[in-house]
Structures are given as structure tokens and as C-alpha cells.
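Participant: One-letter residues, chain by chain:
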Amino acid sequence: MSSLEIVNLHANINGTEILKGLNLNVPQGEVHAIMGPNGSGKSTLAKVMAGHEDYEVTGGDVLLNGKSLLEMEVDERSKAGLFLAFQYPAEIPGVSNANFLRAARQARLPEGEEIDAVAFYKEIYDKMDQLGMDRKFTGRSVNEGFSGGEKKRNEVLQMMMLEPAYAVLDETDSGLDIDALKIVAEGVNAMRSQDRGFLVITHYQRLLDYIVPDHVHVLNDGQIIRSGSKDLALELEEKGYDWLKEENLVKS
Amino acid sequence: MKTETKTDKSIEIDREESNFHFDVDYKHDAGRGLDEETIDFISNVKKEDQWIREFRQRALKVFNKKEMPTHWASKDLNSINFDEIRYYLSAGEAPKRSWEDVPDEMKETFERLGIPEKERKFLAGVEAQFDSEAAYSNVKDAVSEQGVIFVNSSEGLAEHADIFKKWFGKVIPTGDNKFSALNSAVFSGGSFIYVPPGVKVKHPLQAYFRINAEQFGQFERTLIIVDEGAELTYMEGCTAPKFETNTLHSAVVELVAMKNAKIQYITVQNWSANVFNLVTKRGLAHEGAEVRWIDCNIGSRLTMKYPGVIMKGEGARGEVISIALANDGQHQDTGAKMIHAADNTSSNVVSKSISVGEGRSTYRGHVHIPKHLKGCKNNTECDALLINSKSRTDTYPAVTVRGNQHSTQHEASVSQVSEEQIFYMKQRGLSEAEAMSLSVNGFVNDLVREFPMEYSVELKRLIDLEMEGSVG
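So the sequence lines, in the order shown, correspond to chains F and D. Following the working numbering, the numbering of the first sequence begins with 85 at its first residue and continues without gaps. Following the working numbering, the numbering of the second sequence begins with 3 at its first residue and continues without gaps.
Just so you know, these hints were derived from the structure itself, not from any lab. These numbers were taken from a predicted model, which means no experiment stands behind them. We put the CB at the ideal spot given by N, CA and C, even for glycine. Be aware that a few hints might be false.
Stated by the list, open to error - Stretch by stretch, here's where chain F covers chain D in the computed footprint (C-beta under 8 Å, at least three residues):
1) 397 to 410
2) 427 to 436
Stated by the list, open to error - In silico DSBU-like cross-links for lysine-lysine, where the CA-CA straight-line distance does not exceed 35 Å:
3) 172/D - 29/D
4) 314/D - 168/D
5) 379/D - 220/F
6) 120/D - 206/F
7) 261/D - 204/D
8) 142/D - 29/D
9) 220/F - 462/D
10) 67/D - 29/D
11) 109/D - 379/D
12) 211/F - 266/F
13) 220/F - 123/D
14) 204/D - 220/F
15) 206/F - 462/D
16) 462/D - 163/F
17) 151/F - 220/F
18) 211/F - 261/D
19) 206/F - 123/D
20) 67/D - 172/D
Excised from the complex, chain D in its bound form (with noise of 0.2 Å):
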């Protein structure tokens, strides 16, 4: 009996819970609009070497260079303003080692969102970004003496540039397209993560993004470098009030897979309606190295997010799972590209996606095998479930495979929740809410299986409270 009402006390809360702002009084504010005065704002503001301001002016010049992708993108992309966003907000303060030291504000929210909770039920270390910056950023002493490095991308930048600047922006260069140059100008926050040889992390390291302020922009920068032999799970969540204005939040994520290393990664997300979702996310897997995006798409208005692979060293392998929920006002332009460039190359994609009411569902994949490689697989799978006519699907898979020594599969379907199998549901006594989210988790079970289990139950919850909504 107890659990029950403990559930439904979370669910209530969980719903309001990411609904929620606070007043904060920013000491580092970089206005509205994008310039050079933005950038150089930021970079005094972080004290930063020579050499990375003139990468982000040079990537600032890429930005302003680009036309928006609205060729084959949604035109919706054209709503956002850039020159109404604000690039830049900090409290000024280093990120604390200890909850206690976090202030009032920042750490009310992060409490509301548990995380706290979580890092001392599961996790090896958080890092907890408020706007622009980490608030919180702490790693079990287990992990650290180890050797891992678990900070944020200004102290990787200051503290570890050797190995920093190795990899920084050569698995996704600036260019890549116009958002990943927007991030390459204007980043601040993410994860620099570093494992040594041979050390497999055994609980996951943790990130949360959460964007407080109205009319923001968040642009963190992670870089993960997981060296020979070593394994590394990693999970982000991110959350945002909902407000009337729209939000940004443009990401880039690279990973770094060193011969036979693993790393996995795992994305829960569930944004505001307002949110404007555009990520760019790509893991280098040398040799027999494995790189597995494991990601959860739901809310924003409109994501587009294609996590990658390039396999460069023989037998490497690259995987993306992914879970997409398009609700009314959305659209999830989601997908996977895999590169294939080395001998006995593997690559593995499965992705689910829901749209409910006006949702709408995109699924882009890219599957590149040259034609001088031997041995090379791919299995896409993508599966889309409608939830009423109203719904919209699309799926432009992208496979060049060049040579004949390699094997290729590819399977979509698209399904449709029945009214026959929701009136057979109903008859057993299960709401209309019910019955749709017992449907759609049914739908992505053997995906959801793929998560750690703490985060397979709130991704069951949030599915179910979108669907509960959605049902009215």
C-alpha cells in the first residue's frame, strides 16, 4: 500500500516538478544577441587562453556563415531569434564539491529534481549545470583515485589541455553544421570526462542540464575520452520551466573510444513545449572499441538530434537505441549516421518512435560503408506507432553501401494503436490513459530494457504522464 501512494505522490510532483523557475540574480550576464562582444564576454568571464578565444570567434564567423539546414529541416527553425536569446548567465561561482555549499536557489532545484538522491543511491559522481554553469559537480573518491577526470569543460579546458585539446572538436569539427558552430562560439558547461587505461567505472557518471532562465540559450560542450580497455556509462537528464518565450538548448557531445574501450551513453530528456532542441553528438570508436548512444527523446517543440558513430579502427562497433515521444506541438526529428570506416565494422540501429495527436515523428538515418572496407554490418530497425490519424511519420533512411563483402538490413514498420485494442483494454476496467500508455510502453519495452533500471521506471512514468495528458 505504501509504495502505491508513494508513486502517485512522486508522479504529482514529477509533473510540476520541472515546471518551476526561480529569480536568481545573475552576476555574469551576456545580454541579448550574438557578436564578438558575446564571446569576448564569455571568455574574460572564464579567463580563457588565447588559443580557444580564437576558436570561438572563428567558429562565430562559421555560424553567421551557415544558412539554417530549412532545406530539408522543419521551417519551424526560422521562430527562433537569435538576437532575442541571451548566450551567457552565471551566478559567478565555482562549481561546489558539496551540496551544502551550492546556493539556496540552485540547490532547492536540484533537490526538487532528486538529484541528490540519486547520486548517493547509484551514481559514481554528478554533475549538476544551472544555465551556463555547473553548480554542483562532485565525484565518489572510489572513482577519483582511480584516476578519472569528472569536471566541467572550463576546467577540463584549464586543468587537463593536454589531453583536451587533443580531441576537442575533432570528432564533430565547428562546421559540421550551423549549430554545432553556434555551440563551438558561445559553449560553457558539459562534461570533461577522462578514463584511464583499463578502468571499467562501474556505476554511472551523471550530468543534468537545467535551464532556469527565460529567453535562454544552453550550450554545453562534453567531451568524454575513454582510454585502451576502459568502460564508461554515462547519463545526462534534462529538464526546463515552461515558459511562454522559447528556449534554446544546442549541444555537442563527443566521444573518444580508444582501442577496445566501451562507452555508453544515455540520454533521458524531457523538455518544455517551448524548448528548441538541437544537439550534435558523435563517438570516435578506434579498434574492437564500442560506442552505444542509448537516447530518450521527449517534449520540446522540435528536437534534432542524430547521434553518431565513426568506426575507425577494425571491429569496432556502434550502436544507437533511441526512444522518441512526439506529443501535440511537437516534432522529434530524430535518427542515427553511421560511418564506416575501417574492415569488420559493426553497426546496430533501433528506433522507436510515438506520435501522439499532432505529434510529429521524423527518423533520418545515414548508414556510410565504402567500397574499398570488407566485412562491414549494419541492422537499422525503425518502428513508428501512431496514436490517432492526426499523427504524422517519416522516415528517410540514408544507406550507401559501396563493394559487396558487406551486409546491410534494414526493417521499418509503422503501427497504429487500434481502437479494437483500446476498447479491449477499457473492457477490463483500464482508463482510456491507462490503456494508451500500457499500449506505448508495450511499444518500446525491449528498448526500455536497455536502460539502467532506475531510469527505465522514470521513463515509464514520464510516459505516462504524457499520455495521461494527452488523453485530457
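Extracted from the complex, chain F is given alone in its bound form (with noise of 0.2 Å):
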């Protein structure tokens, strides 16, 4: 049984608080979406659950499986079972794709163990067809030279490759037109099972059309200030986040 949960985590960058005291329960197969206006700590907070350095957290934990992530370094977190599909991919000149998720993967495995390569290539080929992506991109350096949309299937390919506990997909709709929005989508829902668990961030609901969240939360200045169902999505998408913004204001 797998868990993650976000207990009244505070994070700064630079001195300056963006996460104040954010809680939030993901459990075991199910899509939680995050949704904010900019600047609400959308970023931040896949950020600071993957251990970007460049943060700081102040205060609170984040556990996966009963065990702080904050306490591991980045690779472990990864390892454990966290993955973050990041908005904007680092490009890594000269390493093709297949090295790359080769050396992920072999890093998963114990000491003295080697991937089997022909396996590896059918594996990745079968999700490449899925994803309709050319199988030339295995040859190619890591989203050198990749449009948005590449890159975006890219995140989805290694998601896949990697079959992680959790997914922090970070405004994977992005830059992507609605063809390639949907093969992301159809990715992520072949993705999804009883046993691994979704945190899908993102500004519009348009992404939401496509993977169907099971809660939706609203994040406003660093705090969850709204739970809900995935109705929650349509009606700020109708009436824009002022509308809860107010609204929170009245309540404190």
C-alpha cells in the first residue's frame, strides 16, 4: 500500500515564503489535480517534493510511503518511487535517449545486475508506438533540439519507462496543441492503476477534459484553500480564480 502526503509543508526561495503550511493526501490510485493562478507555488511545490536545491523548506514534511522525502537526496526520491514530469525538460547535449533511460533504469537495479538490452528496446519501442513518437528519437540527445510537444511526450515516455508509485506531472499541458495534448493524456491514463498515484499540476482546466481527476484542489498564496470533486475545475474555469480568492478573504 503506497501513500503520499503532504503535511503543512513551508518552502522559500530567497528568503521569500511561497509554500505556507500546505497539506495535502494522495492516496494509492488516484489523480489529484492542483490548480492555481500564477505565482500560487503550483512550481514550487514539484519542485520542493523532487529536492530542487534552490528551495528551502522551512517547515512540515513530505512523506511517501511513511518516509520523509525531504530527508533523501534527489536520485533517492526518484528511486523510492517519486517522479516529477518536468515543465520545462533540460536539454542534455551528445546523451541519446536510450542511453539516458538506460542509465535510469540500470540505476534501479542492485549492484552486479545489468539491464537486458534487448528487452529494453522492445519495452521502450512499444511505448514510443503508444506515444507516436518516432523510434529515431531513442537516437537522438535528450530534448535537444525538441519542440514543446516533444519534449511533453518525451516527460511521458520515461514516466512510463520508469513506473513510478507517484507521478508529478507540472504543467505538462504547456505549450502542447490539443493533438498532442490528448497522446500525453492517453499516456497518463494507460498510466493509471489501483497502485500508483497522480499529482497533475496545472493553470487551465482544458487538460483536465482529458485526464479526469478524481479531486481537485485550488492552491492560492502557498495553501490549499479548496478541495473538491472534479466539478470544482469546470466552476473555476467559469468564474476564474478571483472568485475564490474573495471568497477565502471573507473567510479569514
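Reconstruct the complex from the two isolated chains, following the hints.
Facilitator: Here is the structure:
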């Protein structure tokens, strides 16, 4: 049984507090969407969970299967089962997609064990077919010269190959046209299962038409200010974030 | 599963592999410091002819007269104490044709470095030098039957004097620089190779240069002549144990490619961090000939090496492909010299350097195309990769092109492994060292492909080890 719990999380960047006591629980097998206006802390949350060193955690915890992720190195968090699909994936010149994924898979094996290259290629080709990626992509350098859509597809391919317990998708819809968005969403939906959780971070409701969440949370000024069903996303689309911001002000 | 275990093991051995030495009872020891008597000692041990004795003594005078090139090169050169160095150490035995006959400690040295194994697998011949002299030298029957000569420099001098004398010191004159003069005075070991016209040597010949002794200077001298239409690939490897004191390695390598001949000279050196590596390498390419230097510099305290090609005949081609990795406390000062001396000659220089931590890389290029020629081409690319902000990289490309019937192209870039790149790779489960290694291997990937397979694997492993060590 896996679990992901974010407990009263506080985080700074350059001394400015961005996350101000964030609480969130993503049970196994569920898809949770986090929506929020620009500057609300959505991407900060993704990066803090993954362990980006620009951010300083000043309080609270992130627990994966009851273990604190914050105690772990970035690569250990990955191996523990956390995957982050980046909003802006880095380019790695000279390193082919296939070699990169092989290295990532290899890193998950016990020492002395080596991945089966034939099975690996079969698997990567299957998944690329699913995502409508040309097989030539295996030989191209990671993300180098990729269009926005190709980069996002590549993120989903990596997710499929690494089979995380929890995946955080950071603005995966940004820079995608509707066709690419559908393909990426199909890839994510194919990955949905009883034993995998998703945290889908997005500014727009559009993505949630294709990746239908079990719960929607609204992040504002570093805190979750409202949680609800998928209908909350539609309501937000209609009324805008200001509606909730105001309501929140009134409450406090 | 098996393969991975093996790789891991060989990596472990590799790191410690080159860091060991034996206490050898040297029969011939020229003692410390350098004067005329040192040279007489070497000449006497080698029972040399008068002409070469005089050649050496003249070279000593040139060496003493020449200033250290510290006005343009690193001041660290002044740390070399020539009076403390031992210039000749040998066991006083001729190189053996069979590993069985090689003295135990030397045999074990080369076994630990994997030389006999490589010889069996993919080499046409091997020369293994231990300090001043070759301990082993052998060439496969099939190759010697084609008339290929592969011996050490003393044997070349004694037994093939006619060819040797004709080219020795002609590509790199004694006075070329202070260290070529030093080598000319005290040289010992190195290869002499002659490939007869039309013979294409299928498998590489390899030399391995091992420094065993402390405060020692290794001065091998290599002369390779590839006759008309013939082809040769030669590879050299170098290692030394790590000592507190400094070690000097100062070789001179001269290549002669006759009409339409091809020579490919590959170096993979992995010196320990106390070695001053000051090497002069140059090839002479006659009409339609090609000389390629493929050079990989890892380790050493200071390396100064600028392989060159003089394109003397029409249509000759020269190439330098080099990879240099400067880790903490190291300075890789490398580059290339392309001298166009005939019409329609072309040269290509691709240099990639990696600076890690406090490591420093310098590229120095010299391309010369005189006015009276036509149709000459040069392409120079030098790319530097910095691994952190403390690293330093300098580029000094000197291109002198006279006349307007030539084409030259020069590109340079400096890039950095960014924190975002490393974070991205770590998020996929790679450790910091693995991520660095992958980036560095990616950076040199296109050049590594130029190395024969066996060497590209070794190179990749050396890079992995360097990166692992640098992250700590």
C-alpha cells in the first residue's frame, strides 16, 4: 500500500516564503489535480517534492509510504518512486534518449545486475508507439532541439519506462496543441492504476478534460484553499480564481 | 548479470591498477642530475655509435641554452628540478619476445595493466616499456612476414641505421623546443616502425609506456615511417604510480607518411597527478598522404602537447582530434599545429576539453598557410565544457593565412553542465557522479567514436572514474 502525504509544508526561495503550510493527501490509485493562479506556488511544490536545491524547506514534511522524502537525495527520491514530469525539461547534448533511460533503469537495479538490452528496446519501442513517437527518437540527444510537444511526450515516455509509485506532472499541458495534449493524456491514462497516484499541476482546466481527476485542489498563496470533485475545475473555469480568492479573504 | 559484475570489478582494479610500483634492482642507473657524463653513461650502456653520441651531446648544449618557455606557458614548469631527476634506469636486459621471459615484477606490472590480454585479443604487435627500456617487444608473425619492422629505438638505431638515420630528428629538430632538446640528449626506448610500400597493417601496433620509479624521467623516442601507399594504426598508452615527488615524461614522436600513405596515431594517457607530461609530436605528410593524431589526455599535473602535421606534398591531409580532461590540480595545455606547405592540402582540428573543479584547460592552435599556395583548407573546432565555476579554460587559436585562395573555418564554444541538467538527471534516479559522467561522455561522444572500440570503452571508463572521483 503506497501513500503520499504532504504535511504543513513551508518552503522559501531566496528568503521569500512561497509555500505557507500546505496539506495534501494523495491515496494510492487516485489522481489529484492542483490548480491555481500564477505565483500561487504550484511549480514550487513540484520542485520542493523532487528536492531542488534552490528551495529551502522551513517546516513540515512530505511522506512517501510514511518515509520522509525531505531526508533523501534527489536521486533517492526518484528511486523511492517519485517521478516529476518537468514543465521545462532540460536538454542533455550528446546523450541519447535510449542511453539516458538505460542509465536511469540501470540505477534502479541492485549492484551487479545489468538490464537486458533486448527486452529494454522492445519495451521502449512499444511505449513510443503508444505515444506516437518516431523510433528515431531513441538515438536523438535528450530533449535537444525537441519541440514543446516532443519534450512533453518524452517526459511521459520516461514516466512509462520508470513506472513510479507517484507521478507529479508540472504544467504538462503548457506548450501543447490539442492533438499533442490528447496523446500525452492517453499516455498518462494508460498509466493510471490501482497502485499508482498522480498529482497533476495545471493552470487551465483544459487538461482535466482528458486526464479526469478524482479530486481537485486549489492552491493560492502557498496554501490549499479549496478541495472538491472534478466539478470544481469547471467552476473555476467559469468564475476564475478571483472568486475563490475573495471567498477565502472573507473566510479569514 | 555477469557482465556487470565484471565491469565493476575491472573499474575497481582500474583505479588502483595503475597506482602501484615495484622495488626493482636496476642494473643501470645513471644517477640524479644531468650532465655530459650522464649522456656518456646512457650511450655506453647502449653501446652507441659515435654519431649518435655526438648528437646527444649537442642536444644537451641546446637544452642548457634554451630558456624555459614560461613567458607563454605555465610558470609551474619552474617546479621541475632537473638536478633531482633520474634520467636512465634499466635492468640491462634486451626486450623479450615472449612474456614468459620478462622479469617477474615487470611481467606482473603489464599483466595488471591488461597488456598481454589486449595483445592476444586485437593487436598486431606490442612493445611494453618499463622506465627507460622495453621489457617486451613482439610483433605477430603475419605482420613481420610482410616486412613490417617494429622494434625499440635502440634496436632501430643499431639494426636499421640506414632508414633510421635518414629520418631521425628531421621532423622535429633538436632545437624545436627545450623539451625536444632534452629528449634528444637522453632519449631511450620508444618505438621504431617501418611499414614497406603498399602494406596495410590490419590490426594496430601498440606501445605501452610505464613509469615505475620515483623522481624519474621517461624520454622515449618514437620514429614511424610508413612507405608509399602503406597504412598503419599505432596506439600508445601511458601510466605511472602516484608519488609525492614529481615525475617527468618528455617524449618525442616523429611520423613520416610517404606518398599516399596513412598513419593514425592514437594516445590514451592516464597519468597520475604528479607527472609533468611535456611531449613533442609531429608528422610529415608527403603527397596525398594522411596523418591523424587522436589524442586523449587524462591525468598529469601539467600536460603540454600540440601534435602537428606538416603537409609537405600536394593533397596531403592532417588531422588532430583531441580530448582533454583537467581535474582538480591539473592543467591540460594542449592543441594542434597545422603547417600547410603544398597546394590543395587540408587539415582538420577538433578539440574538446573538460575542466572539473579547479582543473584548467588551455587550447593552443597554430595553423599556417603561406601566400604562394592555393586551395588549402583548414577547419578548427574547439569546445570547452566547464563542470563548475572554479574551472578555467583558455583558447589561443593562431591562424595565419596568407593569400586568398584558401578556405579556413574556426569555431569555438564554451558550455557548462548546468545545475538544471544535473537536477533533471538526478530526478530520474542517477547519482550526481553518474549524471556528470553521462554529460561529459555526451560532450565527447562524437570524438570517442573515432577511437577503436576497445579504446572507446576504456576511455569511457576512465571518464567515469574521473567524474566519480571529482564528486567525492
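Participant: If a hint holds in the structure, say so; if it doesn't, say that too.
Facilitator: A quick look at each hint next to the structure:
1. 397 to 410: Violated - the region 397 to 410 of chain D has 0 residues with a Cβ nearer than 8 Å to chain F, which falls short of three.
2. 427 to 436: Check passed, 9 qualifying residues.
3. 172/D - 29/D: holds, 33 Å
4. 314/D - 168/D: With a Cα-Cα distance of about 17 Å, the restraint between residue 314/D and residue 168/D holds, given a limit of 35 Å.
5. 379/D - 220/F: Roughly 34 Å separates the two Cα atoms, so the pair holds.
6. 120/D - 206/F: Roughly 34 Å separates the two Cα atoms, so the pair holds.
7. 261/D - 204/D: The hint holds at about 19 Å.
8. 142/D - 29/D: holds, 30 Å
9. 220/F - 462/D: Within the cut-off at roughly 24 Å; holds.
10. 67/D - 29/D: This hinted pair holds, its Cα atoms lying about 32 Å apart.
11. 109/D - 379/D: violated, 47 Å
12. 211/F - 266/F: Holds, at roughly 16 Å.
13. 220/F - 123/D: OK: residue 220/F and residue 123/D at ~34 Å, within 35 Å.
14. 204/D - 220/F: holds, 34 Å
15. 206/F - 462/D: holds, 26 Å
16. 462/D - 163/F: holds, 25 Å
17. 151/F - 220/F: violated, 40 Å
18. 211/F - 261/D: Given pair residue 211/F, residue 261/D is violated - Cα atoms ~54 Å apart, limit 35 Å.
19. 206/F - 123/D: This hinted pair holds, its Cα atoms lying about 32 Å apart.
20. 67/D - 172/D: With Cα atoms ~21 Å apart, residue 67/D and residue 172/D stay inside 35 Å; holds.
Of the hints listed earlier, those the structure fails to meet are numbers 1, 11, 17 and 18, in rising order.
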